[in-house]
Amino acid sequence: MEWKHKHLLTIEQLSKEDIEYILETAVSFKEISVRSVKKVPTLRGKTIVNFFCEPSTRTRMSFELAAKRLSADMLNVVSSSSSLSKGESLKDTARNIEAMKVDMIIIRHSMPGSAQLLADCVSCSVINAGDGPHEHPTQGLLDAYTIKEKKGRIQGLKVLIVGDIAHSRVARSNIWTLKKLGADVTVVGPSTLIPAEIEKMGVNVSYYLDEEIPKADVINILRIQRERQDRNFFPTLREYIQLFGVSEARLKNAKKDLLIMHPGPANRGVEIDPAVADGPYSVILDQVTNGIAVRMAVLYLVSSVGSSKKVKMKS
Amino acid sequence: MTCLIKNVTVVDPKNKIHGTMDVLVKDGKIADVKKGLQTDGDVVEGKGRVLVPGLVDMHVHLREPGCEGAETIDSGCRAAAKGGFTGVACMPNTTPPIDSAGTVRYILEKAKSSACRVFPVGTISKERAGKELAPFGELIENGVYGFTDDGSGVMDSGLMRRALEYSKMFNKALMPHEEDELLSAHGAMHEGGVSTRLGIPGIPRAAEECMMERDIRLVKCFGGRLHITHVSTKGGVEIIRQAKAEGLPVTGESAPHYWTLFDKDVNFNTNFKMYPPLRTPEDGEAIIEGLKDGTLDAIVTDHAPHAEANKDVEYNVAAFGIIGLETSLGLVLTTLYHKKILDLEAIIERMSYGPCRILGVENQGIAKGADAHLTLIDLEKEWIVKKEEIVSKSKNSPFIGWSLKGQVVGTMVNGIWTYQINDD
Ligand SMILES: [Zn+2]
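Which chain is which? The protein sequence lines are A and B, in order. When we follow my numbering, the leftmost residue of the first sequence carries the number 751, and every step to the right adds one. When we follow my numbering, the leftmost residue of the second sequence carries the number 6, and every step to the right adds one.
Hints are computed from structural coordinates only; laboratory data are not their basis. Treat each hint with caution, since some may be false.
[What the hints assert, rightly or not] Pairs of lysine-lysine residues, derived as BS3-like cross-links and limited to a Cα-Cα distance of at most 27 Å, are as follows:
#: 1; chain 1: A; residue 1: 780; chain 2: A; residue 2: 908
#: 2; chain 1: A; residue 1: 929; chain 2: A; residue 2: 1006
#: 3; chain 1: A; residue 1: 841; chain 2: B; residue 2: 391
#: 4; chain 1: B; residue 1: 52; chain 2: B; residue 2: 21
#: 5; chain 1: B; residue 1: 269; chain 2: A; residue 2: 766
#: 6; chain 1: A; residue 1: 841; chain 2: B; residue 2: 269
#: 7; chain 1: A; residue 1: 950; chain 2: B; residue 2: 239
#: 8; chain 1: B; residue 1: 400; chain 2: A; residue 2: 841
#: 9; chain 1: A; residue 1: 929; chain 2: A; residue 2: 789
#: 10; chain 1: B; residue 1: 269; chain 2: A; residue 2: 756
#: 11; chain 1: B; residue 1: 391; chain 2: A; residue 2: 950
#: 12; chain 1: B; residue 1: 269; chain 2: B; residue 2: 225
#: 13; chain 1: B; residue 1: 269; chain 2: A; residue 2: 929
#: 14; chain 1: A; residue 1: 900; chain 2: A; residue 2: 1006
#: 15; chain 1: B; residue 1: 39; chain 2: A; residue 2: 841
Bound conformation, chain B alone (with noise of 0.2 Å):
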């Protein structure tokens, strides 16, 4: 299969192209990058848009195997391709969780079909217990990319110990969900003057930042590289800051939520309930500052699916978490870009290099030779976020109704697109 996007705007840092030019897509791969290309093959009017290398989202919760009723890995997959991603990383929460070779080869093997590429990520402890050591080395062997208990804590420090100096062997991440269970027991949102005024159970800061204290110390002592998941508060932000000062493996990710929507705006609304929870401005000033200075690596989306039955609760017990793959780049452009806090080589390195480079997933962006993983972006056009337009399974998301500018026309895996606007 042959694809020409032609006159589009090349953005790609890695590769030192800010411009208008030709892309040839042959057999998966990029055939040439320049101006004035011909095709026999398919043509894609790309002007007035920008193609960037292809998004990745380091941290997706994909439900499957175990909860297909939230989720699927087809459908969240899609949902990928609508929000520009041409590769995610599901995490290990699942019915069962990804801590044997049969469970990762059953979820690769089912990928295969899917609309973006699927990096599973394994399990730190054998079912997710916190107590023993998942087998590291098989998991890597089927194909992982590295380790968390995402959704629980590591409360136990001895197991947080061998389980960085055992990934050394296999130079994989560790990518622990940082909360101290027994200071956010029984929290539903951040703890604060809205909890009180709402009488909600509050989540401390401190929740988080002091199990990434306590990670980034036993890399410290015992090495591992540690990558900080859902970064929500201004002191975590801090601390990742100071560890790569002082030159340790440690990257961080945040999440869109986390700088557009604020305790403040909980009142009782299910679908601001996400561990760690929506925190103030100030936080997520912070960790807009973070992504500037490159403390934060990665923005992620942390899509955490839920049927219905489990949001359609009081607040306290409802499920935690909202979906996000597919207003991810829209919130990003519309926040930062357009608000000229991050230029597009920033977003780029955030959302595509950096997580791979976290994952440990070959990324040689728009270059002769490459593999064909791109996104095509127009960044003017303006959209709002409509519950009966989500491909997701579930529509549990904060943003419906919520008026985006930048949009994804255009997302190509291995050559060949798997979502592409209806142009009217």
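The following block holds chain A by itself, in its conformation from the complex (with noise of 0.2 Å):
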């Protein structure tokens, strides 16, 4: 198949054959990372800037990573979020790193929508790397190309995302991909910060985790934030370990094959056991490794069609 997306805002706009068109690619983009020499010249002469107007260790060295082992140059903008609290800034400082000629920007902002805003008002490549509450695609993609690695296939399995899905744009584009490619989707978390009307998005509720990890084929923990205890959302840490932490006494009854997953960073002690996240089940690890491979994966496809060059792959 040919790719033709200029940017990657939102799962939502992917086909199901665009995802495992990534998820493939990303295979081969895998391989070169476990090489001595981790470095192609496939990018060699491209820019890049990332743009993060939030705080982000992971993803930020992660896209970095990548790009790097693509062998483009790579630009990090840090601005706070708050001397960014107005569009007409991010708009500003976009048009302002474009017109140093760059040929992507990959871009982390507080806000839904940032990300189709910056892709509107630039002519190069926008890749988003996290909207406020809304998607995360890269998240989306390398946690399911984890599953697949791990498990063979998608399709058909059970999938529970526990915690926070209100505020979380890793639940938005989880749902999105494993939806997509055929899992079945539980989304569990206290009846507060599960948004309205969700089951629109093809998933299954629930409040009661105990009752959902036998089934389950994957568990993806989402970060707690501790600020939502002072909204009201829930009344305490405490009571929210009780009902939603994922402790190893939890998972007696769990399958034996189950994945534990967390897109980090991880709150030790509170959504997650430390053994759990330790454990045998877990998969953390890997996916902080195939994040990597996933998002040179993404840089490759979505530059190809920028520079308006065609690439074709072998499939």
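Assembling the complex is the task here: the two chains are given apart, and the hints tell you how they should meet.
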């Protein structure tokens, strides 16, 4: 097939075939990551900007490594969301970056729709590295990649996404990716953090983690932000842990080949027990490794359209 | 000045007219309404057109004083005239707000030379701060037609009680902006499946419905007259219907965007952001039902101009509100009249008599001796809403590009044409 997306803004806009194509492409890039010489000349001469308006070490590093392994030049622009609280300056900054003749902007921003806004005002490619609670497409993709790598398939698997669904871009991008690939997705969390009408995204809703665990093939545990407590989403962190913290004891009826995932950074002892994070089911570090391969695939595919040169991949 | 509108279809439910005749206007008054009239003055051929009592929009933000970059009394009134309006009630969330005699007088002075009548609405609270009662008596003496803290809900129930009680002496309506700000907190669109999908914080229906129920309860207990502004939900329509069934002095309004656009249309486009937010088609159906059965007394625009700088930003931080004066009648005719949901009589009721009654503005319609406030309409004319043709200083309309059927061809205020379409 031929890749035709100039930007990667959401998983919602991708077809099943697009997603599968990215995952296939990532397989060959993962091979590069385990070589002793980890660099290929694929994007030599391209300039990519990491435009991060929200603190994030992991995603920024992952994109940076992905770009460098493809021999692209990478510039980090880190700006606090507070100095960019008005979109005018987001647009201004973006146009300034673009005037430096870059080929691609990777944006992380606290506002939903900001990646789209950027894509509408610049002529280079834009990759969404997380826009508020909206989407985080490469996270959805790397989670799917990891599941597929471990399980050999996604179709028909029962996946739980546990925690603060309402404020999670990881949840949304995972839901789109997994639903498009045929998984059965259930979101689990306090009723205050399950957003309105989420069933319309094709997921099941449960408030009872213990009932869901034995049926699950995959549990993706979301980071819980302590600040939510201050806005009465739950009364205490202690009660949250009692109801939704994933502990060893809770996993006693789990399937033997269960996968435990977490997008990081984990609050150990809160949403996930250290023994679970480091335990036999955990693929958390595989997610980190795979993140680079998936992002290499995304940079490669997107840049092929950005430069209006068509790429044909063996598939 | 004399003007004869010939062979026009006059529609006026109050004066029980629906037929072709001539209307003679002289010195600001309607001199006669019958067939076969003659004049030495101007003649406007009205064949194939409909003449109705001048439309009045009772919910408009003219932005002056304080935000003249977005709109002025002059530009807003020209936009109103183009939309067929002969009068607008202007909301008091200006800078300074309409909470003193001086500001009322300033607006009325400016309005003297404008293209339509302006009916200022005063604040409920001083500085629109929601703490202390505004000087209703002084404001009325200087010419306000009602009270609202529009743009903000009155969170203090004790203040709302006193405002209702105090307003009884003046028989003016309170027109609160129904919003429990603790329920709508940080919300930027309707809370539902679409806000969930987009990750935009939601504004639940309860944010307005809870406040409506509170205010209706307060009217029941303490008196006063209540006009519920910009109803957007099915529940809201039902709440007003119930209040009316109980015989309470409660009226309601809604705006065309609440039955023509829905949350699914938002898609991060800031011209689809307003308070209350666009809801769902089911809510839209209920609003149409409310307009049909008279639960909703008025169709308004909530015309809310914003400079591009406040809209050309991320959705969550964009200003709330859209302009509407120039598209309102076209939308009503396209979506209600031509679809045979409301007849012209009902539309005139909701866009002329209803608003006047609530504001306490005399409206004698198209009758001999009445003030000549008239709107001339071509019901069949098809046109496209074009950004470059918008008269308002701000262009924040979600309807740009829409094709509408039914257009204003002339607007007359006190016997003077304030707008006339250039005939080909
Ligand atoms: Zn309002």
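Hints and how they fare:
| no. | hint | in the structure |
| --- | --- | --- |
| 1 | A:780 x A:908 | holds, 26 Å |
| 2 | A:929 x A:1006 | holds, 24 Å |
| 3 | A:841 x B:391 | holds, 26 Å |
| 4 | B:52 x B:21 | holds, 20 Å |
| 5 | B:269 x A:766 | holds, 23 Å |
| 6 | A:841 x B:269 | holds, 25 Å |
| 7 | A:950 x B:239 | holds, 21 Å |
| 8 | B:400 x A:841 | holds, 20 Å |
| 9 | A:929 x A:789 | violated, 34 Å |
| 10 | B:269 x A:756 | holds, 25 Å |
| 11 | B:391 x A:950 | violated, 35 Å |
| 12 | B:269 x B:225 | violated, 37 Å |
| 13 | B:269 x A:929 | holds, 21 Å |
| 14 | A:900 x A:1006 | holds, 13 Å |
| 15 | B:39 x A:841 | violated, 61 Å |
The structure fails hints 9, 11, 12, 15 (numbered hints given earlier, in ascending order).
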